[in-house]
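*Asks:* Next come the chains, spelled out residue by residue.
There are 2 protein chains.
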Amino acid sequence: MEKEPLLMLPGPVPMPERVRAAMMRQAINHRGAEFGEIYADCVRILKPVFGTDNELFVISGSGTAAMEAAVGNFGRGKKIACLVNGKFGERLYKIAQRYGTAREVSSEWGTPLDLAALERELEEGAEMVTLVHNETSVAIKNPAEKVGKLARKYDALFVMDGITSIGGDDVRADAWGADIAVVGSQKCLAAPAGLSAISVGERAWERLCDQRPYYLDLAAYRKSASAKLMETPYTPAVPLFLALREACLIVEEEGLENRIARHRRLSSAVRAAAVAWGLELFPKTDADHTYSNTVTAVTIPDGVKDSDFRGSIKKMGIEIAGGQDHLKGKIFRIGSMGAVGAPETLATLAAVESSLKKNGFTPKGDGVMAAAGVLG
Amino acid sequence: MEKEPLLMLPGPVPMPERVRAAMMRQAINHRGAEFGEIYADCVRILKPVFGTDNELFVISGSGTAAMEAAVGNFGRGKKIACLVNGKFGERLYKIAQRYGTAREVSSEWGTPLDLAALERELEEGAEMVTLVHNETSVAIKNPAEKVGKLARKYDALFVMDGITSIGGDDVRADAWGADIAVVGSQKCLAAPAGLSAISVGERAWERLCDQRPYYLDLAAYRKSASAKLMETPYTPAVPLFLALREACLIVEEEGLENRIARHRRLSSAVRAAAVAWGLELFPKTDADHTYSNTVTAVTIPDGVKDSDFRGSIKKMGIEIAGGQDHLKGKIFRIGSMGAVGAPETLATLAAVESSLKKNGFTPKGDGVMAAAGVLG
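From first to last, the protein sequence lines are chains A and B. Here the first sequence is numbered in my numbering, starting from 2 and rising by one per residue. Here the second sequence is numbered in my numbering, starting from 2 and rising by one per residue.
Keep in mind that the hints were calculated from the coordinates and are not lab data. Remember, predicted model here, so these are calculated numbers, not experimental data. Mixed in with the good hints, there may be bad ones.
Pairs count within a copy or across copies, as identical chains cannot be separated in the list.
What the hints assert, rightly or not - With a cut-off of at most 30 angstroms between alpha-carbon atoms, the simulated DSS-like pairs for lysine-lysine come out as follows:
(1) Lys88 to Lys331
(2) Lys224 to Lys315
(3) Lys331 to Lys224
(4) Lys95 to Lys224
(5) Lys4 to Lys229
(6) Lys95 to Lys79
(7) Lys229 to Lys95
(8) Lys80 to Lys95
(9) Lys224 to Lys306
(10) Lys150 to Lys48
(11) Lys147 to Lys306
(12) Lys88 to Lys224
(13) Lys154 to Lys95
(14) Lys359 to Lys229
(15) Lys331 to Lys150
Chain A on its own, in the form it takes in the complex:
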């Protein structure tokens, strides 16, 4: 039991045994009928998880590849307004810079987005808006529906990164007007890292760029997916498709509502622990921006050294995440993602509480019991 650390990260996350075992299979021909059925199962189950009736494709590449597919197929040469309040919003801005005229609409990391500034960009002709729905770098949930409405009002395409919310939180791509939405495999779906899925609506197809990337050419994906045998245009990562199909079947068995409720309960428990300890939740919320339901970010108290703090948690066999970039050493993050439940969450919070004490911080109250109160 001690060999593999328990990953309580905002991805990658622990995978159920069924998902891992699916990869043990001997190689199959990805140009055959069976692969088509595997791919079709993934698409069928993922569409309601995205909240979409649009076409949906699985890409053999990470969430970043799917985000590039969105921008590279539909944004080349266009004015792109990129909402940024964390690392992944920034990544989308960097991708947008490679393809179009990108404008960063930024707020301090972990603070609410500036929707008034977005509207000014739209008034000035922005043709595409990019948003990270669930910004794991700071554990904030951004107002996708409001952004979608603004984009639609000005007839801009709305690209929504749902990489860490889809499958773990309520996402309604179509209702929110997300012309393109993206998920990563190793997050709330609890599948292995290496795949992503992307949905593309009719408004996007109408604006498909002539000059497109090759490996990520969504027109090629569309053509191959609608062939008699559903397939991918280039060789897919077959074992990962087998695992993703299994992970999708588990989502179906659990039921999407139950799964979302579980993610909410677990992240509420983590937040309750932080509050009981007297620690500060990092993100600044408001009426539109709420705490993430799949990851929690907490400010590291003065005097506690991040590496020692997370180091002694690691000695207990548990990995939690630190801050990224300029937040390194300033926050810690606990994932409530995928297949984990109350046992993993309680164990993690006990390890965190113990490590806080060991590293010179005296918690105000008993966070573990506060969390247990939420979970029990």
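Got chain A sorted already, so can you dock chain B onto it with the hints?
*Replies:* Structure of chain B alone, referenced to chain A:
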């Protein structure tokens, strides 16, 4: 034993159990020390397999992604001469068209390349040359060393697709002047589909384009690989890395020379069978162009219907490949790739011989015994 068909294709190929079992592991943090060691093992073992001392990266994407990385990072806006005598040469030409001014130097599929025509393109200023070393669509091995010499003479970059030769045939990327070389995971290395590796030499780095793709940005790969903890710039397909490392260790244990000799012996046996049956090997060879040592293409005799022919082989639990595009129905192809040995090859040839007879062709002689003679 009967459940999974034996894939005697030019990729994907059957994987050793060790390779498949490696993927069963629980998720690991790809930003940790262990992932760095896994990645480093792959790179260390693959460099001599490529015949290179250059930097080498593993990409979470198929061979096509790696080919796009080559062209997209080093060929944008340049004059690119693309040698084409089969489907994959043509794919490189299509990729080149998305990034530069591409010129196709084509011969009929399965016939020798026109090196005089290539030299004319170089005289006229071609800055990059693309070549498929082992063109599986027609089972011909192209003269990489001669192409490399010509490219160097005119100071052009030489991009070599070694997707289906590296790990199964003699490849000397550095000695042949391949500034960039590429392999696919599911071919001679007998790892799962979904990864590729790319080597990049100094002459290429000096010509790195300013505008590059994002997910396939090799400058980002370089930066991440040279960090204290060797890593990838974006989330890697972790289970596939675990499997690739195991496949690489198997290559090391077998010994590269032994592995190449095995591939040669197996493909010689397949060719001997075809000749004994009185069938025609499809590719036209000459002093520079030889038969592939990892796949054999045979012309389907008059009166034999491809679907019936391969269908009855499939009933015996074995999949061989047909022709692609305009060669559909005209040729069949048998892989001698990866981990397969004499048993798989003999079984395949027996099934082929039986199916030929069943479908109206009377073989001139006993191909199975001819092959056994080569293998025994």
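*Asks:* Hint by hint, which ones does this structure get wrong, listed from lowest number up?
*Replies:* Violated hints: 11, 15; rest satisfied.
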